Amino acid sequence: MRALCWHDKLDVRVETVPEPKLLNPRDAIVRVTSTAICGSDLHLYGGFVPGMVKGDILGHEFMGEVVEVGTAVKNLRPGDRVVVPFPIACGNCFFCKREMFSLCENSNPNAYMAEKMWGYSPCGIYGYSHLLGGYAGGQAEYVRVPYADVGPLKVPEELSDDHALFLSDILPTGYMAAENCAIEAGDTIAVWGCGPVGLFAIASAFLLGAERVIAIDRFPERLRLAGSKLGAETIDYTEANVLEALKELTGGRGPDGCIDAVGMEAHAYHNFAYAYDRVKQAMMSETDRPVALREAVMACRSGGTISVAGVYGGWIDKFPAGAIMNRSLTLKSGQTHVQRYMRPLLERILKGDIDPSFVITHRMHLDQAPTAYRMFRDKQDECIKVVLTP
Amino acid sequence: MPQSPNLMRSDRIGYVAGGIALIAWALRRPNLPRALAAGFGAWLVYQAYTGSNPVFKPLGIRVNREPPTPEIAETLVVEEAITISRARSEVFSYFAQPEHLPGLADAELDITRSHADEELAWRGHREGKLAHFGSLTFREAPGGRGTIVAAHLEYAPTGGSLGAALARVTGRSPQRLVADALRRARAMLESGEAPTTSGQPTGRR
Chain X
378 MRALCWHDKL DVRVETVPEP KLLNPRDAIV RVTSTAICGS DLHLYGGFVP GMVKGDILGH
438 EFMGEVVEVG TAVKNLRPGD RVVVPFPIAC GNCFFCKREM FSLCENSNPN AYMAEKMWGY
498 SPCGIYGYSH LLGGYAGGQA EYVRVPYADV GPLKVPEELS DDHALFLSDI LPTGYMAAEN
558 CAIEAGDTIA VWGCGPVGLF AIASAFLLGA ERVIAIDRFP ERLRLAGSKL GAETIDYTEA
618 NVLEALKELT GGRGPDGCID AVGMEAHAYH NFAYAYDRVK QAMMSETDRP VALREAVMAC
678 RSGGTISVAG VYGGWIDKFP AGAIMNRSLT LKSGQTHVQR YMRPLLERIL KGDIDPSFVI
738 THRMHLDQAP TAYRMFRDKQ DECIKVVLTP
Chain U
30 MPQSPNLMRS DRIGYVAGGI ALIAWALRRP NLPRALAAGF GAWLVYQAYT GSNPVFKPLG
90 IRVNREPPTP EIAETLVVEE AITISRARSE VFSYFAQPEH LPGLADAELD ITRSHADEEL
150 AWRGHREGKL AHFGSLTFRE APGGRGTIVA AHLEYAPTGG SLGAALARVT GRSPQRLVAD
210 ALRRARAMLE SGEAPTTSGQ PTGRR
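Keeping their order, the protein sequence lines are chains X and U.
For the first sequence, the working numbering assigns the number 378 to the initial residue and increments by one for each residue that follows.
For the second sequence, the working numbering assigns the number 30 to the initial residue and increments by one for each residue that follows.
For the record, the hints were derived by calculation from the structure and aren't laboratory data.
It is possible that part of the hints are untrue.
[Said to hold, decoys possible] Pairwise CB distance ranges (calculated):
no., chain 1, residue 1, chain 2, residue 2, range
1, X, Met661, U, Pro87, 19 to 27 Å
2, U, Arg174, X, Glu492, 16 to 24 Å
3, X, Ala559, U, Pro62, 56 to 64 Å
4, U, Ser39, X, His384, 56 to 64 Å
5, U, Val84, X, Pro721, 48 to 56 Å
6, U, Gly228, X, His644, 53 to 61 Å
7, U, Arg174, X, Asp694, 35 to 43 Å
8, U, Glu100, X, His384, 47 to 55 Å
9, X, Ala659, U, Gly228, 34 to 42 Å
10, X, Phe696, U, Gly89, 22 to 30 Å
Note that this is a predicted model, so its numbers are computed, not measured.
Cβ coordinates follow ideal geometry from the N, Cα and C atoms, glycine included.
This is chain U alone, in the form it adopts within the complex (with noise of 0.2 Å):
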């Protein structure tokens, strides 16, 4: 089922670079599993054709291949919201911290642009390079039920979006990242102090 291409460039020189490689070590020596991997090597090249892989999307991965920076030629996508019960200028100000910024890890962040309850933006700068870019927006949850703070998150993924499939699967991705801080504002602002547990009893030796 041909759907819109989501593949990076990147990507697309890969799979079909393991694709033949697959297809040549079947042919070698030709057997069933050889053939079942030949099987594979072809799915790896049509993807390619097509510039498309259709197991992103219930992976929740997101290619933007035109981002409005020079710097970063692809990115990936990570969008995040959540509903904070208190006021829309109480969560502006402890947004507008940088450290409560729902950024990627060792990155620098830079306050871009701020519009007082409205929006703030960033740049993530890794050893002098942009890592990453995103923006938070604040709007009135309806029926007085607090402020909906909506994430917009791009970065320059290492390996490709194969490494943000594996990121994915392991738990350590950006998307958890963002996540993460969001929902450990929510916490801070209504409760004031983010849930843990580090540091109790176990039974573990």
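Only chain X is shown next, with the shape it has when bound in the complex (with noise of 0.2 Å):
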């Protein structure tokens, strides 16, 4: 089959591969129909996250059609159209049976790498490096889904794939960014990033109830998705100064809740700060760029919330802990407990509640996908979201 492969810091391959078997009793096989990039992949693309390995397939966002189960998987048969969550969670365990799925004790098969780096192991995640279990990734046309019996969720026939496939990931990680923010009457919201994930942070914190939402970015294209379409008023960093531009806009308190959308390789302008992250990234001192993380925490209001959507994989440094100590601010993140939020979404989009296809912008095939990474990290061509087909 063909299957895109990691080989180097911005080197990805579409090559033949042999085609996935089923390993384990709860796996199932998916020919895949869509699959898309995020963000995150191009964290390792970029090569800033360690524990890649060259010929490794990527790839967490996808979907498609069951073509074979393991023998314990009875809720599900070959033919049936299914959407599969990121987090590879068994459903058994401590964390599974209080629905933090992304933290499965039991699926990571290279815990201890995970260990070493952040203490405990979070569960495996699909091509997105072997510290979180080296499992091949949904960018391919045929993809090994463990614990099927569990974790993928039929989609109804009336649903396109187009407003399905984000249910894997960046639609419940937007949720999850702004439920995180415990939203009350009259909040307004921060966000920091506008990218799909940022996007429906925006979408998600007016449906939970937030009165303003204000969205920070550079790029035209996303502002305007993320005022016109959606309803959030906008900064751009490049213009504004992010911390004066909310002081003034929130009566000088400080939005109620803050969202990084943005995580280990943040950009900044005429900041100092930028500059040092740069050079201590490079040198490898540091392994992440804070920046939109310690704008979040300055500009948050006492008493409100910075809720993590964006990636980090390890160290940062110049870390505002006197202002979480002293002014009572509260830090949630976690990856996205996907299996938690995927059928109540799924309601709210075949209710009409939201759209969830608005930010694609490009469709390519599966064997163009090097250029779609290229053009995605660039930001060629107003890439906001790419989708493609196998």
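Join the two chains, each given in its own frame, into one complex according to the hints.
Below, the structure is given as structure tokens:
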């Protein structure tokens, strides 16, 4: 089959590889009909995530048709159309029972690697480094899905791939980012980063009752979507001083909740700290560039919540711990517990509360994936979200 | 900063020999790199003198200088624990099968003690010689959260504690074997299978 393989920093290739086989009783094999490139795939593409090995198949946002099931899978049969959540979770352990699926204790065969890096191991994730299990991903014609009896969600026939695909990651991720802000009536939420996750966080914040949402980015097409499509107020950080602008927009108090939908490769403009982080990251004395996260902490109203949806991998410097302590701030984060949100969000899509397909800007064949990665990374052609079809 | 002795006897001999060799080598033709080597040699001799190496603690290396076995003079100690969301009797029966015990590779295991739902102990022989011994204790996790399994294992290291340090850095340590066996047990008991990727496609050639 054809699959997108990681070779090196900025080097991904579509290659012919063997088709996946059932390896465990609870596995299924899915023929991929749609798969997307995630902003977090760009961290792998840019070489910022440790534990990648030449030849790894990427992709954790995908859906398709079940073609084969293991002996223990009773709820699915060949021909079923499913969307697959990106966290690989057993459904039986301490965390799964508490609906914290991305913390599943049983799904990462390389837990020892993650323990070295992070103290304990979270769940395995498709195509997201050997630290998170080294599972082959779904930017391929076929993919093996472990724990298929609890993970994949059957998609009703009337729903198109475009409407269902983002249940695999970014729609629940944006939703959980907003939910983590514990929004109350009258709240103002600020969102750093208007990529697909940021845009879904904006939409979700409104769904959850936010009075106002303020969106921060530098790309006009993204700010346009946040503003005209979703009704957020916008700040272009290349033009304005974000902290001052937020202070002014919120009557001198700051946003009640601040969402970091940027992560480890943040950019900044005319910012000394940004240069500092770039140098430290290049020298490998700091793994992540936390420009957006620092700003979110400083901007948040006292007693408010900072919700981190952007991906971080390692260590950061100059973290404003003093602001967190002295101003009673709450920091919430996590890989999304996608399985918890898929069904309720599917209901919302069917009811018409949200149409997630608005983020799609490009559709390409899987064979063009290397071009798509470059275009997405460099934000060429106003690229926001690429859907690939094998 | 003095701490309680943690070097093995064989280590101390090696440290003195190695330290003196480095100092002697430096004195034959003194220059800056060799001076640094001499400094390192002096540090080794000092460790042999105090009997303790400060790097062992961060590396998780624990020496038992008086193990309860006449066959092995000194052992390295591994301790790991895991919580499994299953009843104590179910967890005990799983480990009561010798192939599920977290023993070390290539050793033949004999169960030496078995108290139902409480404790299992075993000895591992390699070519007729005792290579390691270990035990598992089982207790209820608080709040009905299942069973806590605590593993204690001691083994005669090849290559002294230096070998153990190297094994730890390269990831092939007994510590890792024990932890992996416990994790595998949890996955089998809770989810009915052990996670794996071996046999999946890749673009590696």
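Here's how the hints hold up against the structure:
1. X:Met661 <-> U:Pro87: 19 to 27 Å: This hint holds: roughly 21 Å between Cβ atoms.
2. U:Arg174 <-> X:Glu492: 16 to 24 Å: Since the Cβ atoms of arginine 174 of chain U and glutamate 492 of chain X sit about 20 Å apart, the hinted range of 16 to 24 Å holds.
3. X:Ala559 <-> U:Pro62: 56 to 64 Å: 60 Å, holds
4. U:Ser39 <-> X:His384: 56 to 64 Å: 46 Å, violated
5. U:Val84 <-> X:Pro721: 48 to 56 Å: 52 Å, holds
6. U:Gly228 <-> X:His644: 53 to 61 Å: 41 Å, violated
7. U:Arg174 <-> X:Asp694: 35 to 43 Å: Given about 37 Å between the Cβ atoms, the range holds.
8. U:Glu100 <-> X:His384: 47 to 55 Å: 51 Å, holds
9. X:Ala659 <-> U:Gly228: 34 to 42 Å: 38 Å, holds
10. X:Phe696 <-> U:Gly89: 22 to 30 Å: 28 Å, holds
Going down the numbered hints, you'll see the structure goes against 4 and 6, while the others check out.
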